[in-house]
Amino acid sequence: MTEPALLSVENVSVDLPTPRGNLRAVDRVDLKIGAGRTLGIVGESGCGKTMLSRAILQLLPKKAKLSGRVMFDGQDLVRLDPERLRKLRGRSLAVVFQDPMTSLNPVLTIGTQLIETLQEHLELDGATAKRRSVELLAAVGIPAPEQRLMQYPHQLSGGMRQRVAIAIALSCEPKLLIADEPTTALDVTIQAQILDLLAREQRRRHMAMIIITHDLGVVAGRTDEVAVMYAGRVVERAPTPVLFKKMHMPYTEALLAAIPKIDAAPHTPLPAISGRPPDPTRPIQGCSFSPRCRYAAGLCFREKPLLTAAESSDHQFACFHPVLPPVGIDA
Amino acid sequence: MQDTRQSPPRDPLLKVEHLVVEYAVGSKIVHAVSDVSLEVARGETLGLVGESGCGKSTLGRAVLQLRRAQSGRVLFDGQDLTAMHGDTLRRMRQRVQLIFQDPIASLNPRRRIGDIIAEPLVISGVKDAKKREELVHEVLTAVGLDPSLVVGRLPHEFSGGQCQRICIARALVLNPEFIICDEPVSALDVSIRAQILNLLEDMKARFGLTLLFIAHDLAVVKAVSDRVAVMYLGRLCEVGPSEQLFASPAHPYTALLIEAIPVPDPDVRPTESVPVGEPPSPIAPPSGCRFRTRCPRADQRCADQVPELRLIAPDQLVACHHPLIAAG
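Note that the protein sequences, when read in sequence, are chains A and G. Under our numbering, think of the first position of the first sequence as 1, with each following residue one higher. Under our numbering, think of the first position of the second sequence as 1001, with each following residue one higher.
For reference, chain A alone in the conformation it holds in the complex (with noise of 0.2 Å):
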């Protein structure tokens, strides 16, 4: 990536204590994602990828242990002392989580939440900050908007709230944007009208996105780059488009094979993937999803595969028996 890039996570690591002993939830990440572009982190439960996110944002648990740098805009958050960390967060640095009840205070109103945040980061008056709330409501699509300042969260249904925590995150024009699992309480129609909205604020703030999701249906029109995440690392990484159409690790092609696809015939059955993914408190030798891949062999079971360049060097995986070769340029 020749432009310098506006977040940049490098070797991250995070381990958490638990009864059962080290928690790794997140294993030497490295990630970049450029001003005005858009990420997508794929990956089951538990895969790592809401901790990532947290880690990002310095919003751990506080027994949680994180290593390594999380560069942004010229700084590193890891390192950043807390006043000026929380000037950040909410102002630069904003993020949207996947249920909008518990990011919303229930006994503010809609109103209080948002002028409150546009005062204390932008130093509004009041009468501006509303004007601004007013505002914001009507771009993210909330009819009534000047009605809707005076209601409380549990009055509007959970598409709307989610409107207002984008309309909040939204509201001091942030550069990065982290969406972790912003439609996944939603309905279909109201996922697809909420992601519409992202999207398009997106491209009107020239503002940068991390799209959190376990739905590589969600990521595939909608972002411009694909990390894919398994047991904490990240084992393949490229632009979207070739991550579709020439993916090499086969966790990869199994997340996408088990998706019911709509022009199957009925009763077709569903490429499922065994098993289920590690415990992270019992590490596994060899790679990580080799319990579970069908290509698995040999090396597979003893060492770890590191993620290594493929074609070119932005589309990077882990794995020693890629489904499709790396072949020369322009396979």
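If you are wondering where the hints come from, they were derived from the structure by calculation, not from laboratory data. Hints may contain errors.
As the list claims (entries may be wrong) - Label-pair distances were calculated between CB atoms; the ranges are: (1) G:Ala1105 with A:Asn22: 23 to 31 Å; (2) G:Leu1154 with A:Lys65: 24 to 32 Å; (3) G:Ser1124 with A:Ser157: 36 to 44 Å; (4) G:Ala1326 with A:Ser312: 47 to 55 Å; (5) G:Arg1090 with A:Val107: 40 to 48 Å; (6) A:Tyr295 with G:Gly1144: 17 to 25 Å; (7) G:Val1025 with A:Gln147: 19 to 27 Å; (8) G:Ser1071 with A:Ser157: 25 to 33 Å; (9) G:Thr1141 with A:Asp81: 58 to 66 Å; (10) A:Asn22 with G:Gly1152: 27 to 35 Å; (11) A:Lys65 with G:Ser1124: 52 to 60 Å; (12) A:Pro241 with G:Asp1202: 33 to 41 Å; (13) A:Pro17 with G:Ala1105: 27 to 35 Å; (14) A:Asp314 with G:Asp1267: 12 to 20 Å.
Stated by the list, open to error - If you want the footprint, here are the derived chain G segments under chain A, 3+ residues with CB under 8 Å: (15) 1178-1191; (16) 1195-1208; (17) 1213-1220; (18) 1224-1230; (19) 1235-1249; (20) 1252-1260.
Note that the Cβ used here is the ideal one computed from N, Cα and C, for glycine as well.
Guided by the hints, dock chain G onto chain A, whose structure is given.
Below, chain G without anything else, positioned relative to chain A:
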């Protein structure tokens, strides 16, 4: 509704006739299911799709009489469940089982798996403990779990996918004819979801089951269903054979649902034609066609007249004044 009779799902095991379910929330009435009629043929899987709050789960519960209907009938194997009470109903329920969305929440956390699965046998009067144990082992093996490793353990020791296998085993242990699956895979990861869908298909073939498969995800529904019924705000919009419904949806709402499915292909740009707006409240559903407030084709007639379910293509029924395909 004479048109329903023209498209004959042969030998219906379940027949729902003009079912109405309403309940009070405070001083308001929720119109959860409004005049729904459908049939499920023996050996068939009928998929029931719709968004949250459309009444699909209420319909499932009303079939089992877990929620009593205001009016209408539920005929199971020719007998009206709505007229049954007490022991008669309990005996009937052994033939109809239910699988829920949240597999972990539907297992008692303090009881061992062996006891959880044996419970329906105890209730139905299988007194011989040895026989019960035998049956528990049999169903656990059938759902792909090793009985010797499972029976003595507690639900929290299992993952979501394994808990759903346990729930399926519990549903199967009484050897039912009909299973209502209420969003059985929506709480599961993609990879595990495929395992459970395949398992349901295997169990259906092996035990000769008939399924009512309720879900909000059309792609999932299509993967397992012979026919699909689309529900919106308490009413049926469209019913038809799965492939036909996907290839040529007649109701604008069906088309909208199909369009909204995220396609895992970067060349397919997401369409932005999905209308803004959300389903209105079932407390005060719109007059006439309930979908009209989000429908691009709606006109005055849609506000004035409730569209009746009518035959538009072989076996395909639609309730719309302005369907997307011409009647043939």
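Legend entry - Earlier hints that do not hold, by number: No hint contradicted; all consistent.
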